[in-house]
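Protein chains: 2
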Amino acid sequence: MTTPFRIALAGLGTVGGGVVKLLDANRALIERRAGREIRIVAVSARDRTRDRGVDLSRFDWVDDAATLSSRTDIDAVVELIGGADGPALTLARATLARGCAFVTANKAMIAHHGLELAQTAETSGAALKYEAAVAGGIPVIKGLREGAAANEIARVYGILNGTCNYILTTMESEGRDFADVLADAQALGFAETDPSFDIDGIDAAHKLSILASLCFGTAIDFPAVTVSGIRNVIAADITEAAALGYRVRLIGLGEADGHGLFQRVHPCLVPLGHPLAHVAGSLNAVVAEGNFVGRLLFEGRGAGEGPTASAVVADLIDVARGETGPAFAMPVSALAKSSPAPAGDRRGRAYLRFTVADRPGVLAEITAAMRDAGVSIESMVQRGADTAGRVLLVMVTHVCPERAVTDALDRLDGSQSITGRPMLMHILDI
Amino acid sequence: MTTPFRIALAGLGTVGGGVVKLLDANRALIERRAGREIRIVAVSARDRTRDRGVDLSRFDWVDDAATLSSRTDIDAVVELIGGADGPALTLARATLARGCAFVTANKAMIAHHGLELAQTAETSGAALKYEAAVAGGIPVIKGLREGAAANEIARVYGILNGTCNYILTTMESEGRDFADVLADAQALGFAETDPSFDIDGIDAAHKLSILASLCFGTAIDFPAVTVSGIRNVIAADITEAAALGYRVRLIGLGEADGHGLFQRVHPCLVPLGHPLAHVAGSLNAVVAEGNFVGRLLFEGRGAGEGPTASAVVADLIDVARGETGPAFAMPVSALAKSSPAPAGDRRGRAYLRFTVADRPGVLAEITAAMRDAGVSIESMVQRGADTAGRVLLVMVTHVCPERAVTDALDRLDGSQSITGRPMLMHILDI
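Heads up: the sequence lines are chains A and B, in that order. Letter by letter, the first sequence follows residues 1 to 430 of full-length UniProt numbering. Letter by letter, the second sequence follows residues 1 to 430 of full-length UniProt numbering.
Simulated from the structure, these hints should not be mistaken for lab results. Please note that a few of the clues may not be correct.
[Stated by the list, open to error] Partial pick of chain A residues on the chain B-facing surface, computed with a CB cut under 8 Å:
| id | residue |
| --- | --- |
| 1 | R33 |
| 2 | R36 |
| 3 | R39 |
| 4 | A150 |
| 5 | A154 |
| 6 | R155 |
| 7 | A187 |
| 8 | G189 |
| 9 | L297 |
| 10 | I317 |
| 11 | E323 |
| 12 | G325 |
[Claimed, not checked] Here are the computed distance ranges between Cβ atoms for each label pair:
| id | chain 1 | residue 1 | chain 2 | residue 2 | range |
| --- | --- | --- | --- | --- | --- |
| 13 | B | S196 | A | H259 | 26 to 36 Å |
| 14 | A | T67 | B | D345 | 54 to 64 Å |
| 15 | A | T67 | B | P223 | 52 to 62 Å |
| 16 | A | P271 | B | R98 | 48 to 58 Å |
| 17 | A | V381 | B | D410 | 58 to 68 Å |
Note that CB positions come from ideal geometry on N, CA and C, so glycine has one too.
From just these sequences and the hints, can you work out the full model?
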């Protein structure tokens with residue numbers, strides 16, 4: 001096939017600009033691997049005048065991205081606008097309904113609407129590809145959907161948000177506080193002006209719900225993901241975790257067993273012996289456990305112009321070569337509906353950090369609540385008031401049902417002994 | 001497509017047995033993902049009577065594997081016999097020439113004959129798949145050939161042999177000598193009765209040559225791989241490396257730049273800050289550096305029944321779904337011939353360990369040879385005679401051309417000051 005594979009780009013932000021640059025820089029190589037040239041025919045974005053560092057005059061400029069879906073001179077639409085709904089979703093629905101291939105980096109849209117879009121794609125015979133939506137340039141979608149396809153996967157988990165990982169690892173390496181490092185991250189472009197999506201774990205939750213579907217053969221269920229971000233992690237948590245032999249990471253974890261589908265994004269203590277403890281800065285990493293392959297780890301740059309563009313173009317090369325398998329590894333009708341597995345039954349160890357009043361009876365009250373809830377304490381540290389006059393009490397529980405820990409915290413709710421909210425982190429004993 | 005995808009298995013050793021078990025254990029899941037049942041129709045091996053722990057009576061038994069290539073009742077032949085030549089190659093040639101898909105775990109055969117087989121496959125339109133040939137269950141062939149397809153890859157390297165990695169990491173964790181750990185490894189099944197292929201680096205070299213072709217778009221050139229194994233690594237090397245902040249690993253490294261294709265398997269000192277320093281036991285890991293994606297790491301179980309079977313069946317699922325792209329990412333005619341890049345020009349730091357005579361003048365002689373060859377010494381340790389009465393001299397050089405180090409060693413060749421062969425390991429400053 002020597003006719004060019006023609007594409008339209010919707011969205012010319014960081015990633016859109018990166019795709020243009022990549023197709024220019026690696027043109028000949030991509031043509032050898034795709035078997036044909038991949039050629040941008042049209043582009044669409046909100047601001048025509050912004051300088052993106054690439055020559056866009058070669059392409060048709062389209063003001064309304066929605067019109068791209070009805071063009072007959074293209075083989076694929078690449079959506080890099082973002083946002084679960086709005087113009088991205090409109091474009092996705094129309095493009096796929098028309099039978100045209102659709103390649104996206106939009107994790108929010110896939111998390112919320114991926115099933116519907118996959119069904120549309122299946123009905124029309126179009127390809128729906130979204131490697132760039134999870135873990136940036138790391139080919140984890142392909143790796144799990146195809147490379148691990150022979151396995152029953154019991155668990156998938158990882159570091160799915162580079163902003164959070166950058167913040168946590170910088171807090172650790174430089175001994176600084178959260179707000180301080182967040183401000184720097186924003187200045188350096190590792191975090192948005194409104195960083196909530198990232199630091200509150202929503203972005204990681206989008207990605208986890210996609211990975212869970214692929215790994216477990218279940219329909220995406222984003223609303224069922226339990227989400228806690230890193231907003232309340234303080235420098236002392238990082239230090240105490242290190243003293244205990246752990247690093248703090250925001251981990252997205254999915255498990256499927258007889259009890260239903262478990263999905264959670266939460267700050268965790270990762271043992272130094274675990275590969276994820278060594279994934280630093282803005283890197284991402286995904287671990288899957290298959291019943292024949294054992295544990296697989298994929299690690300790399302999870303965001304940014306180059307890595308995301310790399311994933312987008314890898315998808316384009318696949319489509320150009322005629323590789324158009326089902327978006328979620330099997331027909332939508334074969335994806336199992338799942339019921340969320342309750343966290344309460346889960347057993348594990350917890351890290352708890354209380355900010356306490358410096359007066360008699362505090363330790364007695366807290367340890368009594370633990371006892372009454374059936375939580376046995378493995379270790380405990382109180383170091384005396386810090387430079388800010390705060391007294392922190394840090395505990396690690398023995399393995400116990402998570403509901404017991406929740407129960408203990410409920411018993412302490414409203415206690416005069418405790419200032420602010422206790423910090424709970426799960427210990428990743430896997 | 002609801003007709004079964006029918007396969008014949010040639011070879012019923014560890015991996016062959018594993019494929020049968022996997023297809024039984026994950027039958028329903030594989031059918032959902034492949035879109036059709038994957039069904040073994042015929043099997044062939046040398047010993048019909050051996051108990052492999054699976055019921056083979058369901059399948060046609062064939063004594064002569066070569067006849068499998070002409071069966072019209074199969075869609076793919078799976079070759080798990082091994083060996084670069086002999087029955088595996090005969091079967092590969094005949095199967096592909098007939099236009100029948102061929103899935104293999106045979107790294108030696110692909111390293112030696114992969115180009116020819118890919119050409120045959122291209123001519124007949126058959127699929128040639130070999131994910132199981134490199135890094136066991138880790139989907140690194142797919143990950144690099146497809147996931148990283150949009151990148152110009154400058155470098156690929158990793159831990160490609162689980163036997164060597166198990167031995168080196170056990171020497172480290174238990175402070176034991178090579179011969180001792182090798183004997184244990186053989187008893188545990190991590191090393192063969194004749195372990196040369198593994199410990200002399202040949203197996204790693206096969207795999208490196210395959211990865212290099214995929215990453216650099218060059219024709220496989222196995223004979224051009226420079227190979228040194230771990231046979232001469234002693235406990236003191238491991239200890240000294242650790243004291244310097246490194247772990248010893250057998251690393252296969254490929255680079256392509258204006259100077260040609262560089263391929264080498266060699267024991268290396270890996271800095272503790274590098275992910276490969278934390279890949280322990282019999283795990284494998286592959287790192288690639290792409291010009292847009294940056295650094296990618298794939299890690300997992302590189303050998304064994306389960307992981308290798310997982311890779312074989314992942315290939316079968318691809319073929320069953322009609323995914324039959326070119327074996328080396330592009331038509332054979334598009335693969336560039338390469339000239340081997342000379343190692344002498346390479347610049348880097350070296351670890352040198354001399355076993356020396358305990359008498360005057362030894363240090364003077366060795367340091368003079370370094371000086372005369374233009375090698376500047378970064379650090380040096382001589383600890384006095386060990387319990388075996390040996391005196392070891394350990395050096396780390398500053399960055400210098402590799403030929404300077406070779407020159408220094410040539411100058412010392414035959415010296416009365418040195419017992420046995422000096423150990424040279426390259427320091428992985430990447």
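- request: Output the numbers, in ascending order, of every earlier hint that fails for this structure.
  value: Hint check: 2, 3, 5, 6, 7, 8 and 13 fail, others pass.
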